[in-house]
Amino acid sequence: MAELKLLFEHAGNPAYQTIEGYIAKGGYQALDKALKMERQAIIDQIKASGLRGRGGAGFPTWIKWNGLPKEKTKRHHIVCNADEGEPGTFKDKQLMEETPFLLVEGMTLAGIACQGDAGYIYIRGEFIDAAKAMRKAIDEAYAAGFLGKNIRGSGIDFDLYIHLGAGSYECGEESALMSSIMGERGMPRLKFPHAPLPTIAGLWDEPTLINNVETFCCAPFIVNKGGEWYATMGASTKNSRGTKLFSVSGHVGKPGNYEIEFGTTLMELLEMSGGMTGGKLKACVPGGSSVPIMTAEMCDGAIIGYEEMMQAGSMVGSGGCMFLNDKTCIVQFIWRTAMFYAVESCGKCTPCREGTKWMLQILERIVKGNGQPGDKELLLDITSQIDGRSFCGLGDAAAWPVAGAIKVFPEEFDYYIANGKSIVGSPLPMVPA
Amino acid sequence: MSELIQLGASRPKAPKPEDLKLQFSDTAVAELEALLTHYPDSKSGILPGLWIAQREYGGYLSPEAIAETAFRLGRSYAEVEGVATFYSMYNTAHKVGKHMIEVCTCLTCQVCGAYPVAEYLKKKLGVDFGGTTEDGMFTLHEVECLNACDRAPLIQVGDQYYGPVNEKSLDELLEKLAKQDESTVIQMADSIVQVHLASFEKPGGQPATKPKPAAPAPPAAPTSTRIRVEETS
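Order-wise, the sequence lines are chains C and X. So the first sequence is numbered by this note's numbering: it starts at 107 and just counts up by one. So the second sequence is numbered by this note's numbering: it starts at 3 and just counts up by one.
Calculated from the structure, these hints are not laboratory results. Any given hint might turn out to be false.
Taking lysine to any residue pairs in the SDA-like style, the calculated list, with each CA pair at most 20 angstroms apart, reads [to be verified]:
(1) C:K433 - X:K178
(2) C:K527 - X:P118
(3) X:K126 - C:P535
(4) C:K242 - X:G206
(5) X:K204 - C:D245
(6) C:K360 - X:P166
(7) C:K238 - X:K126
(8) C:K255 - X:K204
(9) X:K178 - X:T134
Work out the full structure: start from the sequences and follow the hints.
Laid out in structure tokens, this is it:
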């Protein structure tokens, strides 16, 4: 299958970044439609679409939208998670820079459906260009009466604010993100079933809907053209509908974002992005650094879909797809992955705070040529003690790549530990001199 | 890398309340007031407040900068310091140079040659990661994924990304930055403050299409009366 551009149809067109250009291309039709609809009817369309969260977990979006109290007793908040930090992912950045009105309209639709009073877009601090594009779009939407008091004369009020982070991967986790908006250190909170869901007690203990940028950007299309129409895309897969943005990087000819229909194969995605450069395909990390690494054999025939990728031994994740050629040393690559999680662990839960540092220390001694017999087993033991034992998914995400790589590339680890050097003949320079 | 995961370098003491000299400009005070209308309590103003402070105090969040932010928000010094030291983009560990060169060495950049880029910069500037050149012009930092992996190897200076970089493009960039009067560190903090504020909220900005919200309570008095429920995990 080829690219299927829905969200990205007008990406790169400067006119689409102005409110006039956006309306000319069919923008805000969904909002006008939604203002005439029952709130529940909007949520039903999201349900019919089969849309699942695009941030990485793939949770059905309509359940969140439907989870906010229908009888409103407190303020309701709509939060957009634009803290894109997963290594390998850069789709939300392009969405905000090139299709900012899709996000504004999508969040406004959520505001209407869930009786939201205010929306917060939490953008990571480094994404200043994206934040500027969002600021311009929000200002134009206010001026044209699409935000603020009495939207389009409907009597509905909805304010949209931008809140920037300040450098923390952990803040991409929803409870940590909300802590960060509330002016705290970005640490996760206890989760359901030990604590209420954000849709009941989120920001300031008030009902909060929180979705990824890409998820909100899908909403205008679903409301405008209907959930059933949206669900026709990706119908060949078990339970994945619509399109998905993949950020392809690494050793490929044309790195960039590609929008594909679920059901496309991983090799087709590689072909779209210009094929391999510098050598043959050795490994692929298909969904951001947190997902298990795949060998070339595993990639062959892998179909992109939430369940299908699980079957192939990895995950769709956030769509940060890194292709690596045969000059890449997997041990060194995993060492750097472990370092990322060790640096970014917020320090709240002991298994993650300590475990990520231990994994890094062991991998570092292997990479420096001082690996000891049994290090591989020790690493596996640590991963089993982090996985599932922390408040949020960072611990799991730190454990999976290490455990996954040892499982599919055991010979690389054995060779490195035994010989103090990489199995790859002349590897790329991937460690500090 | 050891610089990034080094545990608690000791921090200077908080200034005594009687020694506190307020340095925020009138614009900064107006910006903070406008920002606080976005949130129900003053605590939520800590992150944007710290961005204002980082700009007003020349790119470094000194204990004085943190104390003033805390005072203006009606929060305690410890609370604001705790937040500031958590986030990597607040410069609390040490004073930084006029420009910060942030080199991404994470995954895609790693496999696309970030370490040779980092080595080149270290040699050229004569500093290690975390170091500042003697003339106070450049600070070199290693950062985690900047999420523009299609442009690997990538660096960030101020509010701009540059990539893919090579030795030649780095030479040109450093030369350009050395001639630049304005500090990109301060410029970045200012950009971040500005994107928080709608055009009708900016001090001296365009007439409002939205009625200007009532000003929040004076900074010295804590505006939050919410009882914070502590997690008892």
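Exercise. Against the structure shown, which of the earlier numbered hints fail to hold, in ascending order?
Worked result: 1 and 7
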